[in-house]
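A.B. asks: With the sequences and hints as input, model every part of the structure.
Residue numbers (numbering that gives the first Met the number 0), protein chains in the order written: chain A, 0 to 264; chain B, 0 to 377.
Just so you know, these hints were derived from the structure itself, not from any lab.
Under the rule of at most 30 Å between Cα atoms (straight-line distance), these lysine-lysine pairs were calculated in the BS3-like manner:
| no. | chain 1 | residue 1 | chain 2 | residue 2 |
| --- | --- | --- | --- | --- |
| 1 | A | Lys93 | B | Lys32 |
| 2 | B | Lys182 | B | Lys326 |
| 3 | B | Lys89 | A | Lys93 |
| 4 | B | Lys42 | B | Lys137 |
| 5 | B | Lys336 | B | Lys295 |
| 6 | B | Lys326 | B | Lys247 |
Over 12 Å on every C-beta distance to chain B, these chain A residues come out as not near it, computed from the model:
| no. | residue |
| --- | --- |
| 7 | Pro24 |
| 8 | Val28 |
| 9 | Asn66 |
| 10 | Lys69 |
| 11 | Val109 |
| 12 | Leu124 |
| 13 | Thr131 |
| 14 | Ala198 |
| 15 | Phe243 |
| 16 | Gly250 |
| 17 | Gly252 |
Going by beta-carbon spacing under 10 Å, a handful of chain B positions derived as facing chain A:
| no. | residue |
| --- | --- |
| 18 | Ala87 |
| 19 | Phe96 |
| 20 | Pro103 |
| 21 | Ala158 |
| 22 | Arg161 |
Even glycine gets a Cβ: it sits at the ideal position worked out from N, Cα and C.
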Amino acid sequence: MEMKPLTRVVLGLVCLLVAIWLVAPTLVVVPMSFNENKSLAFPPQGFSWQWYQNFVTNPDWSNSFLNSLKVASIVAVLATVLGTLAAFGLDRMKARPANLLRMLMLTPMVVPGVVLAIGIYAVYLDTRLVGTLLGFVLAHTILALPFVLIAVSANLEVFDRRLETAAASLGANALTTFRTVTLPLIAPGLLSGLLFAFATSFDEIVVSLFITNPYLKTLPVQIFASITRDADPTVAAVGTILLFATTILIGSGMLLLGRERKGRQ
Amino acid sequence: MNPGQESRGNPGQESRGAAIDLKSISKAYGSFKALDGVSLHIKAGEFMTLLGPSGSGKTTTLNVVAGFTEASSGALEVGGKSVVGVPAHKRNIGVVFQHYALFPHMTVSRNVAYPLALRGVAGAERERRVGQALDMVKMADFGHRFPSELSGGQQQRVALARAIVFDPPLLLMDEPLGALDKKLREWLQLEIKRIHRELGTTFVYVTHDQEEALVLSDRIAVFNRGRIEQIGTGRELYDEPATLFVGKFIGDSTVLRGAAATSGGETAIDIAGQKVATVKRLANGGRPVMLLRPEKLALARRGVGGDGRNRLTGRIGEAIYLGSGSKYEVDLADGSKAIVRSTLEADSFAIGDEVDVLFAGADVKLLADDDKADLTLT
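C.D. replies: Shown next as structure tokens:
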């Protein structure tokens, strides 16, 4: 249907407003990170790179960043493997028990983070997992698993299982069939699950605040600590770096996916 | 076997196909018997079609042979060796599915190369055999395409190439042309027939289309309710149906029910007081069922002519012009329907015309009454 020019202009303006409303709070961080003074005031004054410098040289910041990277990477792999296995199991189970189990596995998304955090903290105190890498990995994996489960399940739903029968008839055993047929076809779901799991762990704050200690801090914990202690624009610098990193990551992922889809059709 | 198979080389030579032996195979799902004691011997290199309505057990039989379904009981031999308990991927049997089942993330070439790669065939040899298989199905120019870029008929030809590229001694086809339109189907039937001739592999073909079965097969096994009703060549099934079900499933037929009266050594069959045939012995004792093929029936205007043949009165219910002739459905006095085919030169009739249906007693096929045959056929 052809749109009237006036309608088009109005529609465009509304869209622009909504877009600004969604993105503006995030973009405020960027100018703030170049502030000359040690203040989070907006608009910022002057221009300097010092907060970026601080992020790289101050061990409080660089260590917590590396910790987050380490935890999130392990969680992403672990949650993807476990979540994929779970998705497969549920996909091939009888419908009723599968639905029950699926709901059970999705509870970490529904249960308030604080409640979960208290429970995990209580258990970790007994098992001495507070402030350990293992502790962070286990807690974040619980939180990340549902995302992988949802992403892979969605892919399995449209996956044609008759292709596995065909592969068997051509001489492929179960493992080869999975490797050469099933896995490549559910890879998009796996990949988005992996990304979600990484992101979930990387910016997790509630549970992390409970199970952290001075020896092991993740980046969100450090940001929270810094901003509650003093107005340190390093927070804004970190925010800007993360903003660009995620934009590049997601953007290139979408480009790649789009290209592959075009090639296949 | 039919004469078309002579081109396969010396009959004395070992055939490249495997013989298959099904011995009283049963498959139960709970209390439902999908297969009920199916026994079937398929000769090496034969084109055997499993024909029947949906739910008759033909596809289950195919799945048992392929190894996708394990039979509840019975023995199964392929090439003289029992394959009971052997998983599908170790049976070395080619399968073509109705839904093509091509791997969407691989090109045509890689799809066809897949079974070769699994068998350790690599490099130039793999390429040569992929090329050969694609040549055979006339898809050599499409190697670099993805399945989604092909039409249904093209996809099915690629699937066929993939199923034969590793030289399986047995090829199973599960309604492979079911999703294609009629013209394409007819052309691909001839292609499949040619490929069967060139390969010499045993083909087992599942279809519910009796015409397709007649075009393709050396022999046909007619399935009904998890059992085989009859095994034979198309001609045998058409001319000498063993059961009413087979008679009605293959070709058009007129079914007449009469009364039997035995006197002395002979049994006379009466319809409406008219003695239409005599037989030595009536197997089922009770009500005789007579089957007549359309070309054995003739039409005449009411009371006209008469050459000693049996006459049944009726009225034309439907007249269908077929180009090469006409087909008439005649509503007979007793409520049954006669199907009559006539060539163009013969008299033509219009709906509502009062006619007589003429037939010779010798052309009547006497069968046991069988209520199963009253199933609506699709």
